[in-house]
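K.L.:
Heads up: the protein sequence lines correspond to chains A and B, in order.
Residue numbers for the first sequence follow this note's numbering, beginning at 1 and rising by one.
Residue numbers for the second sequence follow this note's numbering, beginning at 297 and rising by one.
No wet-lab data here; the hints were simulated from the structure.
Hints are not guaranteed to be accurate.
Pulled a few chain A residues facing chain B out of the computed Cβ check, cut under 8 Å [to be verified]:
{"id": "1", "residue": "Tyr67"}
{"id": "2", "residue": "Val107"}
{"id": "3", "residue": "Tyr121"}
{"id": "4", "residue": "Leu189"}
{"id": "5", "residue": "Ile197"}
{"id": "6", "residue": "Ala204"}
{"id": "7", "residue": "Leu207"}
{"id": "8", "residue": "Ala214"}
{"id": "9", "residue": "Tyr279"}
Just so you know, even glycine gets a beta-carbon here, dropped at the ideal spot from N, CA and C.
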Amino acid sequence: MRLRTWLAVVFIAIFGLAVAFQSRSTPAFAQLDTLEFDVATPGIEETPATSVPNATPSEIEAATNRYFAAVEAYRLEENRYGLARDQYYQLNTLAALDEAIRRGREVLRARAEVLNAYFSYLRLILQNTKGIDLTDKAAADEELQAWQTKLEGYVEEIPQVSDRVQLNTAFAKLNDESRTVKSTAYGTLVLIKIGEIQTAADTARILQERTTEAVKNATTLSAAQVEISTRGLNEISLLLQRANNNTFTLLEDYREQKTRGDFTESGYRNFQSNAEFSYLELRQVVDYLREIQKTL
Amino acid sequence: MTTLFTSGARDTSLNALLAKDTSPVPEPKDMPAVTPEQELEDADESASDKSEKPAEVQQTFFAEDVIIDQPKMPRLSGSSDEIPQQPKWKRYTPLGAVLTLALLSVLTAGILLRQKNGTLNNPGAVPTPAPQATTELSVLQRELVLLEKDVEAADPLQAKLAFPPVNFELILEDATVLQLQNNNRQR
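My request is simple: use the sequences and hints to build the entire structure.
P.N.:
Here you go:
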């Protein structure tokens, strides 16, 4: 009886110890899972992070909504202004002039708000885009921010507009800078796209390296399959090299144009067609990697 | 043979042994007779010795007893009070302790081995090559999905919000001047 009691005590003690060990190891398990998840996308992490915290999806959504609302309001105000202006041109009365000036002030405010909302949106997207050189990113962000400040200054001056000349002066301030405003916007769009291409290329390179390791370690592959996979991986290396070279050229062009400050809509179209090459190479990389993974 | 036996020390000792072995064993009857007075004296001496060194005497007594009588019957020379029976818990305590230590050692060794293999933190995982390969492949597949998303985002035709359709040619002309121009054109 004593022996049985002893054995029972011993087993309870062992069971307790085992449970204690398991419960103690649970947080480490969770930590490992987290680490594994972090390691899963190291390519993205290679790009240095900006000092500005990343925008949350809700922030981007809010900025997008603000932009669309501003565009809608601007269209309405521009139509109203057009009607008031035409009426003034026909009637040439003081009342019509006053109404045209009043509508002119509203359209000025609405235009500034559209551009401000658009630049806010661009800044958030720029912050969230990885694969961009930090200097380029900071310069583009500063430029957008400077424009926002300038637009806010324009809006503050609107209440002082009381006659036709002042209204035209206020219109002209932004009209004369339209080229610079568009250059800032299109330049940012180009930079964002370059960053997205670079991010995809980095992710593809990391995945190619991991797939190479997986092929090396695969025990179920035949010699022929290993040879085919290796050949495919070499081809992927070439594709990535070409994509990176093209992206580098795009980046050089961007910097050159940035110095001149002449990004235009047609220039952006030209960039799109040039960037198509990198994109197609990356698409091919994805197809090859999918094929290789099927053999694993 | 005689020369050989007497020549070396070994032979001499062997002879001595042989001589010892061949010597007659004294029979009990050959022992010197003990008188009752001597018995009393011996008893007193043994009593006084017992008071001085009780353990040694007792041990000597038992040793003689065991040698002379049967060793597996300790109660033969006296009653059961002379050799106290050990309680069960005293007998099983060392056994239990040894068992506990052994089992704890096995458990610790097992835990250490599992830690070394890296499977402690993943109790469900069995460190065999096949599941590892499956996990690796699933990770690769997951990363491929992420890559596809990245590549789709890199599509140059998939632009972000386009530049807003704002008018940069807004102006409010003088209506009088416009009317004059219109009149001049009509003429």
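K.L.:
All hints, please: hold or fail.
P.N.:
Status of the hints after comparison with the structure:
no.	hint	result
1	Tyr67	6 Å, holds
2	Val107	7 Å, holds
3	Tyr121	6 Å, holds
4	Leu189	6 Å, holds
5	Ile197	4 Å, holds
6	Ala204	6 Å, holds
7	Leu207	5 Å, holds
8	Ala214	6 Å, holds
9	Tyr279	6 Å, holds
When held up to the earlier numbered hints, the structure conflicts with none and fits them all.
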